Structures are given as structure tokens and as C-alpha cells.
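Could you build the full structure based on these sequences and the hints that come with them?
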Amino acid sequence: MNRQFVIKREEFMKIPLLIFGFLLAGFFFGALLEVDLKREALDLNFIDIFFNNASIGIMLVLLTSFISYPIILYNSFFLGLNIYFGIELFGVYKTFMTLIFHTPIEIVGWIICIIASKRMKDFYKTVLKKEINKENIKAVCMLLLTMIAVYFVAAIVEYYAFEFLGGHKWLN
21 MNRQFVIKRE
31 EFMKIPLLIF
41 GFLLAGFFFG
51 ALLEVDLKRE
61 ALDLNFIDIF
71 FNNASIGIML
81 VLLTSFISYP
91 IILYNSFFLG
101 LNIYFGIELF
111 GVYKTFMTLI
121 FHTPIEIVGW
131 IICIIASKRM
141 KDFYKTVLKK
151 EINKENIKAV
161 CMLLLTMIAV
171 YFVAAIVEYY
181 AFEFLGGHKW
191 LN
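Going from the sequence shown to the working numbering is simple: count from 1 and add 20.
Note that these hints are calculated values from the structure, not bench results.
Only a predicted model underlies this, so the values are computations on that prediction, with no experimental measurement involved.
Careful: at least some of the hints might be erroneous.
Stated by the list, open to error - For each label pair, taking beta carbons as the anchor points, the in silico distance ranges come out as: (1) E54 - E30: 33 to 43 Å; (2) D63 - F40: 22 to 32 Å; (3) L148 - L64: 37 to 47 Å; (4) K145 - V112: 41 to 51 Å; (5) L109 - F86: 28 to 38 Å; (6) C161 - K28: 10 to 20 Å; (7) F86 - L52: 40 to 50 Å; (8) A51 - C161: 39 to 49 Å; (9) F49 - E155: 40 to 50 Å.
In this text, a Cβ means the ideal position worked out from N, Cα and C, and glycines have one as well.
Structure (C-alpha cells):
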């Protein structure tokens with residue numbers, strides 16, 4: 021069995037804790053800011069959401085964990101900030117209902133992205149040593165495909181759950 025594909029327990033525990041910590045930091049940082057918030061509707065479909073998330077995820081995997089970790093933690097911070105601002109604009113219930121369905125799925129995609137980017141870094145190390153580790157690149161490809169599938173599901177859930185709730189009309 022390819023051990024590179026197996027997600028280690030410490031990876032599965034450490035990464036979500038870091039993401040949650042940065043999310044909380046962003047949320048509490050939002051409370052310190054005085055921002056003139058405006059309601060602005062974005063007209064996105066699930067394909068736009070999917071391609072945005074998948075293309076960023078693929079790029080982060082190729083750029084290794086040296087880049088993906090800080091970017092995803094930065095994204096987590098801004099998710100927390102946006103949750104705070106969402107509560108300020110729309111209230112707890114509407115913010116919760118808007119995020120509860122797709123956000124956990126998307127965060128799983130972030131975790132897979134970080135793990136795949138760590139495996140990519142290991143692959144690059146073997147290439148620099150003039151060794152090609154086919155098992156490692158196979159693991160990266162499997163993790164990439166899994167990440168893309170997770171982002172696809174998250175995009176569908178994000179778009180259709182929001183539409184089911186009533187879309188932009190519901191938020192007003």
C-alpha cells in the first residue's frame with residue numbers, strides 16, 4: 021500500500037486546529053474593527069465557485085506547503101472576519117444558515133490541499149536528488165483528485181443551499 025497517500029493522524033489533528041485557531045482570531049479581530057459595512061450581492065454560479073476554489077487549490081499544491089499553509093491560514097483568518105461581518109450585517113441565524121452546509125466541506129478541501137502540498141514538497145525533494153518517486157506523485161495525484169471532488173461538492177452545496185434559502189432576497 022502506498023504510505024504517501026495515508027493521511028497521518030497528526031496531520032489530521034494539527035491542520036484543523038490551526039485553521040480553527042486562525043478562524044477564531046479573524047472573528048475576534050473583526051470585533052476590534054469599525055467598518056462601514058454595505059450589503060452587496062455577487063452573482064456567482066456553482067461553476068464560478070468551483071473553478072475559483074479548484075484552481076487556487078491546484079496552484080497551492082504545486083507551490084508546496086511553504087505557500088499553501090500561510091495562504092490557507094490567511095484564508096481562515098478572513099473567513100473568521102467575514103463570519104463576524106456577516107453576523108453584523110445579517111444576524112447570527114442567516115450567517116449560520118449561509119455557511120453551515122458548505123463551509124465544513126470546503127475546510128476538508130483546505131486540509132486535503134495542505135496535505136497534498138506537503139506530499140508535493142516531498143516529491144520535489146526526490147526530483148532534486150535525481151530520483152523519481154512514482155508512488156509520491158501518484159499520492160499527490162490521488163489527493164489532488166480528491167481535493168477537486170471535494171471542492172466540486174462544496175461549490176454545488178454552496179450555490180444550491182444559498183438558492184434554496186432564497187438567495188439574495190432572503191438576506192435582505
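Going through the hints against the structure:
1. Checked against the hint of 33 to 43 Å, the pair E54 and E30 passes, with Cβ atoms roughly 40 Å apart.
2. A beta carbon spacing of about 31 Å between D63 and F40 agrees with the range 22 to 32 Å that was offered as a hint.
3. Checked against the given bound of 37 to 47 Å, the beta carbons of L148 and L64, roughly 40 Å apart, stay inside it.
4. At roughly 46 Å, the beta-carbon separation of K145 and V112 lies within the given 41 to 51 Å, and the hint holds.
5. Restraint check, L109 to F86: a C-beta distance of roughly 36 Å satisfies the suggested window 28 to 38 Å.
6. A hinted range of 10 to 20 Å for the beta carbons of C161 and K28 is consistent with their spacing of about 19 Å.
7. For the pair F86 and L52, the beta carbons lie near 30 Å from each other, so the given range of 40 to 50 Å is not met.
8. The hint said 39 to 49 Å for the Cβ distance between A51 and C161, and at roughly 42 Å that hint holds.
9. For F49 and E155, the hinted distance range of 40 to 50 Å is satisfied, since their beta carbons lie about 42 Å from each other.
This entry does not satisfy hint 7, going by the numbered hints stated previously; all others are met.
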